[in-house]
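Participant: Chain D is already provided as a structure; the job is to place chain E on it using the hints.
2 protein chains.
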Amino acid sequence: MSQTIDNRQFRLARRPKGLPERDDFDLVTEPLAEAKDGEVRVAIDYISLDPAMRGWMNAGKSYIKPVGIGEVMRAGAAGTVIDSKHPDFAAGDKVSGNLGVQTHAVFPGDELRKVDTSLADLPVYLGALGMPGMTAYFGTLDVGQLAEGDVVLVSAASGAVGALVGQIAKKKGASRVVGIAGGPEKCRYVVDELGFDGVIDYKNEEINDAVRRECPDGIDLYFDNVGGEILDAALANLRLHARVAICGAISQYNVTGNVGDTGYAPRNYLSLLINRARMEGFIVFDFADRYPEAAREMAAWLSAGELKHREDIVEGFDTFPDTLLKLFTGENFGKLVLAVER
Amino acid sequence: MSQTIDNRQFRLARRPKGLPERDDFDLVTEPLAEAKDGEVRVAIDYISLDPAMRGWMNAGKSYIKPVGIGEVMRAGAAGTVIDSKHPDFAAGDKVSGNLGVQTHAVFPGDELRKVDTSLADLPVYLGALGMPGMTAYFGTLDVGQLAEGDVVLVSAASGAVGALVGQIAKKKGASRVVGIAGGPEKCRYVVDELGFDGVIDYKNEEINDAVRRECPDGIDLYFDNVGGEILDAALANLRLHARVAICGAISQYNVTGNVGDTGYAPRNYLSLLINRARMEGFIVFDFADRYPEAAREMAAWLSAGELKHREDIVEGFDTFPDTLLKLFTGENFGKLVLAVER
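Each protein sequence line maps, in turn, to chains D and E.
Take the first sequence: its position 52, counting from 1, is numbered 51 in numbering that gives the first Met the number 0, and each next residue is one higher.
Take the second sequence: its position 202, counting from 1, is numbered 201 in numbering that gives the first Met the number 0, and each next residue is one higher.
Extracted from the complex, chain D is given alone in its bound form (with noise of 0.2 Å):
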């Protein structure tokens, strides 16, 4: 019989009002439990921080089940199998799958998806071959219907998703890609490292004016990262036919702790009438049959190193409600993990 593994977790303490706070969660140790049949026991390496998680820990009806309260808090991850009891997986493999807020996991094998280190590092399956890359890639190609000479705004342009999204675009055909970013040093990031065309400084510029200024001729396709005032400007700005993908609402997503229920409501919503356009929220999973197809292009262009990447990994279990946070002040630069330290 194994040594008795001590497995750390994040439980859901209550149900947080506006911004997570530590006392949100509980953090509990418990002995980490044989594999059965079927299973595959983790040691998690990486865990994925994203803007959704705030969403799921309201109570009420989203597009998924809300984690419940006492409940180890929802997360992607990735990390090393220590023993399986499935015949896909052995001790040494480097997995990614929804293993939540802890430093291990026991696992369906079949809920778990085996990743390939000598392509990309384990973070990266968290962001550009993770999640956020097919995010970005369903939400650009399909919800957002890109066609060759779009002029495209993205907001959160340097976060996970937006940095994808931006060079998806333009390896499609965009004839334009104007990304917004908060700060100088974000912006400078998504012009010359990101490849966009134009970049928009929202805690620096008046976002109505910095809109028409950087896509004059209006926009065809935006990807909504943020919701608030930056989605009216570009609402105000639409070009005929244009697309609007409402991927979040992060600047919106504390006000109220309810998704769907928005201090900001978007004035300028009948310009979707004048000019024949489509708002239209989406969320990754319902493309989850398609995420190999995703996969196959992301990766290749990764490994021609064609996608630039960015991982803002902090270091330490236990700091994760403070570092959750990071998301929500804007803090974060890049996709955001917390490494589980060993």
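Incorrect hints may have been included.
Remember, identical chains collapse to one label, so a pair may be satisfied in a single copy or spanning two.
[What the hints assert, rightly or not] Taking lysine to any residue and the SDA-like style, the derived pairs with C-alpha atoms no more than 25 Å apart in a straight line are:
| # | residue 1 | residue 2 |
| --- | --- | --- |
| 1 | K171 | R275 |
| 2 | K202 | D92 |
| 3 | K307 | V71 |
| 4 | K113 | R341 |
| 5 | K64 | R266 |
| 6 | K84 | E184 |
| 7 | K93 | D82 |
| 8 | K64 | N267 |
| 9 | K64 | H240 |
| 10 | K64 | P215 |
| 11 | K325 | A146 |
| 12 | K64 | R275 |
The set of hints was computed from the structure by calculation and includes no laboratory data.
Facilitator: Using the frame of chain D, we list chain E on its own:
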């Protein structure tokens, strides 16, 4: 040489602020010109009064050029050919087209449509077989992507477009069609005459409660003619992958006088994200090359007595400015048409 005909015209005198007033128009009489080659002279019998006219009076960017100050007010109309220098038309033919708010018109024959009054009375060609019919047809089936089994909610359900939306939806397999109308008389009409499955009286019911009551399992297609709080109530009750077809926003047109800069902003737009739903504006003119297809199907239903329609015909050309207001106060009951006295 024919006798001089006096043509009376309402010309736009100034841009209205809020609701249009009598003094926003000049009533002018001028002699009707002779037809030049390719032109047709028409004695107008019926003028279509439509919510969209309010938008056409505004300056500024919209889906169509604003009516210029001093120009004849734009309107669809139907009438009788006086004489013709176009090979397709002869005196006595019944025709419809964008003839304007005037008693007579000299008009390019190529932009005129001959209509068959043995199939339906002339005013019907401004309603069920005119723009409102085309709007309902393409808005429901193409923009709204109506699918078998859908729950459909329609605002302004006793109006020219709404009444047809519900009937078309039923014909095409909707499982439940609910209308929103103002006052008991219109509500009775919607259920008893038009055959809707349910109705909401927005003047006498709390709209959110009523939408939940009538659509307890949510809405697959909301066809929006009104905007405002009714749109928000619909958004709050969308089903997964729902569609919101934005046809108009009559509650908002007179708030600021500027379509696209409304007084009301939809607080619940993030329901689009939660439900992976779509909100799309459309203009019937975009479907112009497919009008014949829709007109054929609508005419077949009509001649089989399967499509109920109702015209609200107001006599007297001079009443135009006051009659137009009925649209915005909700006073009209059915397709609002102005009859030109002879």
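Participant: Is it within, between, both or neither when you check K64 against P215 at 25 Å Cα-Cα?
Facilitator: between (42 Å within a copy, 20 Å between copies)
Participant: At most 25 Å between C-alpha atoms: does K171 with R275 qualify within a copy, between copies, both, or neither?
Facilitator: both (23 Å within a copy, 24 Å between copies)
Participant: If the cutoff is 25 Å on CA atoms, where do K307 and V71 land: within, between, both or neither? Let me know, please.
Facilitator: Answer is neither; intra-copy 33 Å and inter-copy 58 Å both fail.
Participant: My question is about K93 and D82: at a cut-off of 25 Å on alpha-carbon distance, are they close within one copy, between copies, both, or neither?
Facilitator: For K93 and D82, only the intra-copy Cα distance (12 Å) is at most 25 Å; the inter-copy one is 84 Å.
Participant: Treating 25 Å as the Cα threshold, decide for K64 and N267: within, between, both or neither.
Facilitator: Between. Shortest inter-copy distance 20 Å satisfies the 25 Å Cα cut-off; intra-copy 32 Å does not.
Participant: For the identical chains here, do K64 and R266 meet the 25 Å Cα criterion within one copy, between copies, both, or neither?
Facilitator: Only across copies: K64 and R266 sit 23 Å apart there, 30 Å inside one copy, limit 25 Å.
Participant: Is the C-alpha distance from K64 to H240 at most 25 Å within one copy, between copies, in both cases, or in neither?
Facilitator: between (34 Å within a copy, 17 Å between copies)
Participant: For K113 vs R341, is the C-alpha pair at or below 25 Å within one copy, between two copies, both, or neither?
Facilitator: within (21 Å within a copy, 82 Å between copies)
Participant: Since the copies are identical, ignore which copy is meant and state whether K325 and A146 lie within 25 Å (CA to CA) inside a copy, between copies, both or neither.
Facilitator: Neither way: K325 and A146 sit 34 Å apart in one copy and 43 Å across, limit 25 Å.
Participant: Between copies, within a copy, both or neither: which fits K84 and E184 at Cα up to 25 Å?
Facilitator: neither (47 Å within a copy, 69 Å between copies)
Participant: Given a CA cutoff of 25 Å, do K64 and R275 count as a within-copy pair, a between-copy pair, both, or neither?
Facilitator: For K64 and R275, the Cα distance is within 25 Å only across copies (15 Å; inside one copy 34 Å).
Participant: Using 25 Å as the alpha-carbon threshold, which applies to K202 and D92: within, between, both, or neither?
Facilitator: neither (43 Å within a copy, 64 Å between copies)
Of the hints listed earlier, those the structure fails to meet are numbers 2, 3, 6 and 11, in rising order.
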